[in-house]
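Participant: One letter stands for each residue in the lines below.
There are 2 protein chains.
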Amino acid sequence: MDVKKRYLVVMVILAMVFGSILTYVGVEVFNIGQASNNDEEQSLISTDEDKQKVLEEQNEFNGFAKVVQAYNIIEKNYFEDVEQSKLVEGAIQGMLDTLEDPHSVYMNKEMVEQFNQSIESSFEGIGAEVSMEDGQVTIVAPIKGSPAEDAGLRPKDKILEVDGESLEGLDLNTAVSKIRGEKGTEVELTILRAGSSDPVTVPVVRDEIPVETIYPEVKTVDGKKTGIIQITSFSQNTADEFNEALADLEEQGIEGLIIDVRGNPGGLFTSVEKILENFIPEDQPYVMIQEKNGEKIRYYSGTKEKKEYPIAVLTNQGSASASEILAAAMKEAGYPVIGQTTYGKGTVQKTIQMGDGSNIKITIYRWLTPDGKWINEKGVKPTMEVEQPEFFYTSPVEVEEPFEYNMNDEKIANVQKMLEGIGYDPGRTDGYFSKQTEEAVQAFQQENDLNATGVINEETGQKLQQKVIDAVRNQKNDKQLQEALNELY
Amino acid sequence: MDVKKRYLVVMVILAMVFGSILTYVGVEVFNIGQASNNDEEQSLISTDEDKQKVLEEQNEFNGFAKVVQAYNIIEKNYFEDVEQSKLVEGAIQGMLDTLEDPHSVYMNKEMVEQFNQSIESSFEGIGAEVSMEDGQVTIVAPIKGSPAEDAGLRPKDKILEVDGESLEGLDLNTAVSKIRGEKGTEVELTILRAGSSDPVTVPVVRDEIPVETIYPEVKTVDGKKTGIIQITSFSQNTADEFNEALADLEEQGIEGLIIDVRGNPGGLFTSVEKILENFIPEDQPYVMIQEKNGEKIRYYSGTKEKKEYPIAVLTNQGSASASEILAAAMKEAGYPVIGQTTYGKGTVQKTIQMGDGSNIKITIYRWLTPDGKWINEKGVKPTMEVEQPEFFYTSPVEVEEPFEYNMNDEKIANVQKMLEGIGYDPGRTDGYFSKQTEEAVQAFQQENDLNATGVINEETGQKLQQKVIDAVRNQKNDKQLQEALNELY
Chain A
1 MDVKKRYLVV MVILAMVFGS ILTYVGVEVF NIGQASNNDE EQSLISTDED
51 KQKVLEEQNE FNGFAKVVQA YNIIEKNYFE DVEQSKLVEG AIQGMLDTLE
101 DPHSVYMNKE MVEQFNQSIE SSFEGIGAEV SMEDGQVTIV APIKGSPAED
151 AGLRPKDKIL EVDGESLEGL DLNTAVSKIR GEKGTEVELT ILRAGSSDPV
201 TVPVVRDEIP VETIYPEVKT VDGKKTGIIQ ITSFSQNTAD EFNEALADLE
251 EQGIEGLIID VRGNPGGLFT SVEKILENFI PEDQPYVMIQ EKNGEKIRYY
301 SGTKEKKEYP IAVLTNQGSA SASEILAAAM KEAGYPVIGQ TTYGKGTVQK
351 TIQMGDGSNI KITIYRWLTP DGKWINEKGV KPTMEVEQPE FFYTSPVEVE
401 EPFEYNMNDE KIANVQKMLE GIGYDPGRTD GYFSKQTEEA VQAFQQENDL
451 NATGVINEET GQKLQQKVID AVRNQKNDKQ LQEALNELY
Chain B
1 MDVKKRYLVV MVILAMVFGS ILTYVGVEVF NIGQASNNDE EQSLISTDED
51 KQKVLEEQNE FNGFAKVVQA YNIIEKNYFE DVEQSKLVEG AIQGMLDTLE
101 DPHSVYMNKE MVEQFNQSIE SSFEGIGAEV SMEDGQVTIV APIKGSPAED
151 AGLRPKDKIL EVDGESLEGL DLNTAVSKIR GEKGTEVELT ILRAGSSDPV
201 TVPVVRDEIP VETIYPEVKT VDGKKTGIIQ ITSFSQNTAD EFNEALADLE
251 EQGIEGLIID VRGNPGGLFT SVEKILENFI PEDQPYVMIQ EKNGEKIRYY
301 SGTKEKKEYP IAVLTNQGSA SASEILAAAM KEAGYPVIGQ TTYGKGTVQK
351 TIQMGDGSNI KITIYRWLTP DGKWINEKGV KPTMEVEQPE FFYTSPVEVE
401 EPFEYNMNDE KIANVQKMLE GIGYDPGRTD GYFSKQTEEA VQAFQQENDL
451 NATGVINEET GQKLQQKVID AVRNQKNDKQ LQEALNELY
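Residue numbers (the UniProt record's numbering), protein chains in the order written: chain A, 1 to 489; chain B, 1 to 489.
It cannot be assumed that every hint is accurate.
Same chains, same names: a pair is fine if it fits in one copy or spans any two.
[Stated by the list, open to error] For lysine-lysine, the following BS3-like pairs were computed, each having C-alpha atoms within a straight-line distance of at most 27 Å:
(1) K307 <-> K219
(2) K479 <-> K219
(3) K467 <-> K381
(4) K304 <-> K86
(5) K183 <-> K467
(6) K467 <-> K304
(7) K109 <-> K156
(8) K86 <-> K292
(9) K373 <-> K76
(10) K307 <-> K479
(11) K219 <-> K435
(12) K225 <-> K86
(13) K76 <-> K296
(14) K224 <-> K156
(15) K435 <-> K183
(16) K76 <-> K86
(17) K76 <-> K361
(18) K292 <-> K76
(19) K417 <-> K274
(20) K361 <-> K86
(21) K378 <-> K304
The set of hints was computed from the structure by calculation and includes no laboratory data.
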């Protein structure tokens, strides 16, 4: 249910940044010293003698012989051929599984490569934000200085073909995967420009595209200049970019600041550290690390004074890990936190390389809030709980056979919530297609130049979905943001 | 969906045999030589020298050192204490997981003990079939010669308390677990007998109760005496009991036979072998075993002739493993198989003991049908496909708040299917409580001495469920059985 509910929101986010968020969404990582492993682990695999030593050491824990015994049983008896490397990976994964810690994981060589891509601050492609509009891949905006901009691509351009291959019927992810590719390679896009009926073919040379994790904005509310900085994840350049953006906003004379970490799955510890140093004065820690032996290490900033302007933080269930360090530190330093309770990841991982390209990411510490609370599996509660309107959580419309009066289906409930969200009253939202729902559909159809049949066919469904996506993107409907703006002044 | 659909059927089965089926239901096993392991495996763990040898052998596959390395990393770094024996078990389970074979599993000592109980032909308790009727644990029948019979318990007795503790509000499984217990221990049951208003307390001394896996019956249809043998699983005594029951039926002069393996999850290979020898003549194999190297071993019976009377087999999706060997052999020998496609388990497992009470059950062979087909993940298709009426697959009624006109809920769909199944037309079965559904509810209430409100409250729901359970138990509604009887003559 939850997964479904969040689907449309995710889709909208996907549509906004050209593929880059794709990799981030699944990653909830937060590493200390991720790049540098300590010498001790490295030495484990550095020489053959060490390997031998390790093998000998295992006699000390003779229970481990059982694993070898099991390996032999499987290899000798199983009715199909077994691959040794797969069994070895399985054994490692199996040991980690017993910890019942979703953040302690084994990654083989291929997974490591994917993961590294995901935490790098760039990807290779043409550099344009795209979204799916009326079933067509549509450019939202080319990124500044990107190949897409250089090639003259403009907002609202529809991408019909990639290298002569039609994108019709493909979902956004699949379409994006065809457009992306290695730096230096060329891709031919067939484009239909708004107001034109003849498609044109444009060659674009792919390049390395920096991934933005900071989206600053200035909004004037009741005559007050307010800075809003959205942080989409904590990657290598995030803190520097945040600090730059903040300096720029301050230069513009903002009278208040909103930091938005909604949907931010976390990232590097050092990155959130440098951001917090702006706001948490030196007399209180901004986070504590608890070691295995129970010892607590307090982290302090070198900042003398709080900012003079008011600051609020926006969170939701998708704010995890480093986002929660930020939210907890800000909350306990007295700043308002608005939105929903965060994800609840209160641990710190280290990545240890195995020497063959694979590695083990393992939980090594708990982190505690400045007041010493462990938020694991609980999350950070906002100071002001605000949910988004229900239509934010609707699923994409699927119309296999048209929906009409007296039908009853869960998918109709979804459509009813959408209608309600954009101002048409369907009478009920439980999936029963009542007379009043029919009237709401007719009203929607009339106002959108569709045949006012009261029946939801594919065309009406697509239009409805487009309207809902527009409404989700409209900041006026963002109740959490609106409440934060109210709260600031 | 499937799980839900099957729930009520399972509940009914549960209600029929006092707890014993509980353990069988989850077990899909089928072993060759389960009790005897070959010497080679045993020697692996027999002496310390052997252990040492095994450890040395692992240098030959140096990839395994990685498992040891991972073990050390976890032990040294993880933020909580780890248990060595758990990691070892995790590693073994992890290796087996990579096989992607649900039937190759590791069982630790505790699991082995549970499993052994489940394949033994007895359990310890009082020996009565019970069911849940109108929210009360009710005796269906005491098993012949059981402590329950000796203590004078009768069908329809309600069990109110166990050792002074009320059973009110408990589900059947929990209630049964309180009544069961070790052989020789005493339990005091507080019983309410039909027609009496004063409960009585009866002491019962628990004993070992044989588990019946064979349920023979004679039915006269169109003047023809027909034997029906239901096999609920293939355990140690099953073949002997089957053969006894068959001899008895033949003595009674049956003119046709139905073998019912619906819901039978399988069991021991030797058990199905001995049953098939009655029916498959010696000129064709009744099963083939395919070894790892591809070699096929054909199994033949010593039987000269087919039986003179017609025979049919009943199957459904719950017929697995040994049941499928039976169904496939019978089908390919020309007997009709009626019902639904079987589960689809075409492999044979062996259990190898690890020497410390734990063991590994591992798939060692495929079995093939006499014609050489591998039915794994496909199942055995019946010669005549017959589904049970839809109300067989309804779920237990849950009424948190009463259901009434114009409500819409998946649970109402369930109730509508129940009403339809026992002859009241609710107009629709999609969960929308229409006027016609209301009329059907009123009709049901009138005929069952309930207030004809047209609203489904707890009382109406319970009554409806009882009626449905009665209907499921009524052989006249068993479409598969009825078709098999038609098919025989």
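Participant: Hint by hint, say whether it matches the structure.
Facilitator: Each hint, compared with the structure:
1. Proximity of K307 and K219 under a CA criterion of 27 Å is satisfied intra-copy only: 19 Å inside one chain copy versus 90 Å between copies.
2. For the homomeric pair K479 and K219, the shortest alpha-carbon distance inside one copy (15 Å) is at most 27 Å, but the shortest distance between copies (70 Å) is not.
3. Taking CA atoms no more than 27 Å apart as the test, K467 paired with K381 passes in neither setting, with 32 Å inside one copy and 49 Å between copies.
4. In the homo-oligomer, the alpha carbons of K304 and K86 never lie at most 27 Å apart, since the shortest distance is 55 Å inside one protomer and 50 Å across protomers.
5. In this assembly of identical chains, K183 and K467 lie within 27 Å of each other by CA distance neither inside one copy nor across copies; the values are 36 Å within and 70 Å between.
6. In the homo-oligomer, the alpha carbons of K467 and K304 never lie at most 27 Å apart, since the shortest distance is 48 Å inside one protomer and 76 Å across protomers.
7. For a Cα distance limit of 27 Å, the shortest separation of K109 from K156 qualifies neither inside one copy, at 40 Å, nor across copies, at 65 Å.
8. For the identical chains of this complex, K86 and K292 are inter-copy neighbours only, at 19 Å across copies versus 32 Å inside a copy, given an alpha-carbon limit of 27 Å.
9. Taking the shortest alpha-carbon separations for K373 and K76, only the inter-copy value of 25 Å comes in at or below 27 Å, while the best intra-copy value is 51 Å.
10. In this assembly of identical chains, K307 and K479 lie within 27 Å of each other by CA distance solely inside one copy; the values are 26 Å within and 78 Å between copies.
11. For a Cα distance limit of 27 Å, the shortest separation of K219 from K435 qualifies neither inside one copy, at 43 Å, nor across copies, at 54 Å.
12. Neither within a single protomer nor between protomers do K225 and K86 lie at most 27 Å apart by alpha-carbon distance, with minima of 58 Å and 58 Å respectively.
13. Taking the closest pair of Cα atoms, K76 and K296 come within 27 Å of each other only across two copies (19 Å); inside a single copy the shortest separation is 50 Å, beyond that limit.
14. Taking identical chains as interchangeable, the C-alpha atoms of K224 and K156 are never at most 27 Å apart, the minima being 32 Å within one chain and 79 Å between chains.
15. Proximity of K435 to K183 under the C-alpha cut-off of 27 Å is found in neither arrangement, the shortest distances being 56 Å within a copy and 65 Å between copies.
16. Both within a single protomer and between protomers do K76 and K86 lie at most 27 Å apart by alpha-carbon distance, with minima of 15 Å and 24 Å respectively.
17. When the C-alpha separation of K76 and K361 is checked against a cutoff of 27 Å, the pair qualifies only between copies, where the shortest distance is 13 Å, while the shortest distance within a copy is 32 Å.
18. Taking the shortest alpha-carbon separations for K292 and K76, only the inter-copy value of 10 Å comes in at or below 27 Å, while the best intra-copy value is 41 Å.
19. Proximity of K417 to K274 under the C-alpha cut-off of 27 Å is found in neither arrangement, the shortest distances being 42 Å within a copy and 62 Å between copies.
20. For a Cα distance limit of 27 Å, the shortest separation of K361 from K86 qualifies both inside one copy, at 19 Å, and across copies, at 19 Å.
21. Taking the shortest alpha-carbon separations for K378 and K304, neither the intra-copy value of 32 Å nor the inter-copy value of 71 Å comes in at or below 27 Å.
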